[in-house]
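Here is what each chain is made of, one letter per residue.
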Amino acid sequence: MTTDTTSTAGPPATARVVDRAQYGLAAFLVVVGGCVLLDARGLHRGFADQPVQPYAVPYVVGTVVVILGLALAFATWRGDVPQAEEGEDVDLTQSSDWLTVAKLVGVFVLNLLVVNRLGWAISGALLFAGAAWALGSRTWIKDLAIGAALSLITWYGFYVGLGLPIPPGVLDGVL
Amino acid sequence: MDSLGLLADGLASAATPQNLLYAVLGVLLGTLVGVLPGIGPAMTLALLFPITYAVPVDSALIMFAGIYYGGMYGGSTTSILLNTPGESSSVVTAIEGNKMAKAGRASQALATAAIGSFVAGTIGTLLLVLLAPTVSEWVVELGAPSYVAILLLALLAVSAALGASKLRGFISLFLGLTIGLVGTSTGQARLTFDQPLLADGIDVVIVAVAIFAIGEALWVAAHLRRAPLEITPVGQPWMSRSDWGRSWKPWLRGTAYGFPFGAMPAGGAEVPTFLSYLTEKRLSKHPEEFGKGAIEGVAGPEAANNASAAGTLVPLLAIGIPTTATAAIILDAMRSYGIQPGPQLFDNNGALVWTLLASLFIANTLLLVLNLPLAPVWAKLLRIPRPYLYAGILFFAALGSYSISFEPFDLLLLIVLGLLGLAMRRFGLPVLPLIVGVILGPDLEGKLTEALALSGGDVSTLWSEPVAVVCYVVLAGILAVLAVNAVRRRRSATSTDQEVAA
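As they're listed, the protein sequences go chains Y and E.
Under our numbering, the letters of the first sequence match residues 1 to 175, in that order.
Under our numbering, the letters of the second sequence match residues 176 to 677, in that order.
In isolation and in its complexed conformation, chain E is listed as follows:
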């Protein structure tokens, strides 16, 4: 077990007192911001990103791992204690979790979510440690043509697989690709409108903060709930023997669903959490409790959610492809330290990556140790007055973007893109394809250039590798399914039109 030896080295460098301090800080900050209503893990990462600028790269990654897992944990606390739909990945947790909270079992719901997250996070991170180096060894053999195909497939999958409307997925993707065009990376200024501040392109941090934080704050401002939300009071999380007995199998099954889906392009957390919920409902010895607060319905989906988060790190670290919004921000963060996730990562930055992986274990453990006792404190955060919450989001979003280069122009970009984010929420455009398009669009152009430069301009090189051919076949398959569905839907729509007319 070579990986485990390297992991032990990583653990040793992550466990220095200073780095442990950063891990604790990351976990606390991540949970603090993640618990706040309206702030999901992706926005948490985007808002806390500037904090990592000034610390050394290994400490920054350790802190980031803490923020990542902390933000995820915070999100589930919000969805259990607040009786409203939150972000998509914890919607399922909220179904039973909120019912449990109402029935006076908030402590048990929080406990099974926290311990389930820990179990799933640990198993998921272990699988990540075993899988990522293997995948990256395999990917390193691939040439630029295969990469072009994989990137195309990832872009299509992210746009088409999620959300109800494929058209809106593609609109979002191509808006992202358009933003990615800005700059002088090809030697000539594209879409810079003679503005020197645009010559280096638009910083992905600004795009992410604008779309996530500003867009969300403005959207909420337009629809702010006037009636105060019901918040269930909570004491110390704990579980009885029977709660443990009913939880451990759902944790493991949830992990088994979550990890593979997370590792797939566009797999995400929605499908596995839902599958886990359905499975637990079917297998439960207490099916009558489902819909009234069954603990299995919290344990399974919450584990699936966290395992999927660990799973998304496989394509991110091994191939350099983000499959969730959170992963997209981690990718950008790593690049800003000069680390390029992808097949060369384990060779070029071996020590750092193993430190990062080890710190995921540390963050996961800290989360359990710190957050179980702190749950009542976090729950108080849900009562923060909404004007202060959203004013605070605007404040920190502005600070984060301003601190990149102290240019008011960045703030202008932030508000303009923030208005785009507002429009996207109004018109139901998914956010993920845009962010992925901004990041992967320039990559695609670069790899295409590389492939064609090697072949001397011969286009047939693009399908000269078996992996590329497989990707194009899958790509064609997805497009065919989309086309068939579109035609079928149109036909049924027309027939109802005719019925109406008749």
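Chain Y with its partners taken away, still in its complex shape:
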């Protein structure tokens, strides 16, 4: 290897681009691999006629995940940058808007916390309206109405059409 090209003294054209967030992914992989290995240590020998022990595959997978994490860290340090995925509605020319993502995750988590208590017909409507709000819609009443229509239609559709009894929650007896 030669001189450290990341030094700010060098001309900008030669500066190595390092995607620092990718170190986070590398660390995540090492942690995941470590968990798999730790978990495998806790497994006992299986039955005598079990030629592949329950811990055999986890040891292999865990080790490789750790190695891949280290390899990614090394590649990142060498200036390897990911190619982010494109899509019809994706505009990669602007910076990432993680606030919207956080709002969406929040709305989703709220739904999973209340779905059994309130029932899908209510929580689903809130999920739709909340997600639409997070994504920039500002027509509250319309969004809630659409969400309620969707969740009621799907609730009855699953209950009557598919025979899947979704728990009704607080609306038990009303629906």
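Calculated from the structure, these hints are not laboratory results.
Ideal placement from N, C-alpha and C gives every residue a C-beta, glycine not left out.
Keep in mind that a hint or two might mislead.
Derived coverage of chain E by chain Y (criterion: at least 3 residues anywhere in the stretch with Cβ under 8 Å from a Cβ of chain Y; other residues may be distant) [claimed, not checked]:
1. 418-432
2. 576-585
Label pairs and their computed distance ranges (CB to CB) [said to hold, decoys possible]:
3. Y:T63 / E:P548: 38 to 48 Å
4. E:A278 / Y:G157: 40 to 50 Å
5. Y:Q94 / E:E312: 51 to 61 Å
Put chain E on the given structure of chain Y with help from the hints.
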């Protein structure tokens, strides 16, 4: 022609009024969801999966075939009418298709795509009918050692053959294998963290919906296009005589490219659509039109795309190995009905498989009959406000996962894995190796156990069959090429480093 006789029986059972209704429903739903921007065929299948729970298995498979072909068709409509890069398999279609649409020939582009898809889908399904039973008869002779080798080869091919970064392919694969470890299938709880709800492992549907739907919705949310997209208005699709004359050869050539690539492990649709595009550009009598909206450039790749989809069903049905994300979800769907794709499929579930194959023909035909007149309606779907579109995706993803067992815990898994899907898009990790790893990882462990149990623990059994040896040789070859490339790249990188330093 034994296969054709069986196919006729399948056609008879698929053509009952009730089953035809399911086929129509499947095609309409598949197209409806597939047309929506940001939703590809794999996500369409994953989202619509729960609908098939409650119907009888043959109707469910028929509906599924309709959703499959409908989703594929819907994707090409989106890429022709929207001026943006969409999913990888229709990128090539979009090059000329979008130029045609801009030049006022959207109707012709949609028509040649639809009819080309029909031609390629029909020929491809016919080849599938002729090939799959033969391949499965051959595969049924193979023992567990060969299976272990084939699975290893499939996992390697899926991770290494696609995408620019092999490292990222392997990271994705091993994340998938890790998820596949969760559960008590070996008699002891692995990675369940004493959580009883994890004892049965993580449902592949949840993984697929999380990675495809939630991951995609969150990724789009982080980068939502603020400026509205240009959408080309479209009337009734039709083609003039000269359009037909310029289209039929590309359709056939596209089919010839698409099917073999689809049938190969990790062949996919990207390479054949691209090859088809290059071929048509070279053979065209109007090369000057390429880049400005040449109909051959839509007809060929679109046919290749659909033929490849039919091709992927050969390894899926005959060996039980999915080579695309869509095939991975079909595999999971079939397993959820207690049907195990693979060599025994044609013996154990003969009637069902022939019904499925016959319904592919029916779906393909319905698609043409229904969708040509409906094209203007589908085009309106492209204007759906984006907050509603992505809120809707989250809504249906949550509903689908919740409906598996009505456990909020499944929703927690969904959002956690969805965040993983978001990270994968941010860091350029391909999605396919992960899904394939989740599905085939436990298979590999099972087959390995089976092989070693039969040999009494003697490891040499693993290379005791000729097919296994061939697979390992190919495997070693791929690894060698990867290693050589890596060293060569590093050397060139170091030399530029030195030049820079000097």
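*asked:* Cut-off 8 Å, C-beta pairs, minimum 3 residues; does the coverage of the stretch 576-585 of chain E by chain Y stand?
replied: holds (count 4)
_At least three residues with a C-beta closer than 8 Å to a C-beta of chain Y: is that true for the stretch 418-432 of chain E?_
Violated, because only 0 residues of the stretch 418-432 of chain E bring their Cβ atoms closer than 8 Å to Cβ atoms of chain Y.
_Beta-carbon spacing of A278 of chain E to G157 of chain Y - inside the hinted bounds 40 to 50 Å or not_ = 43 Å, holds
_Is 51 to 61 Å respected by the C-beta to C-beta distance linking Q94 of chain Y and E312 of chain E?_
The hinted range 51 to 61 Å holds for Q94 of chain Y and E312 of chain E, with Cβ atoms some 55 Å apart.
*State, for the Cβ atoms of T63 of chain Y and P548 of chain E, whether the hinted interval 38 to 48 Å holds or is violated.*
At 58 Å between Cβs, range violated.
The structure shown violates the earlier hints numbered 1 and 3.
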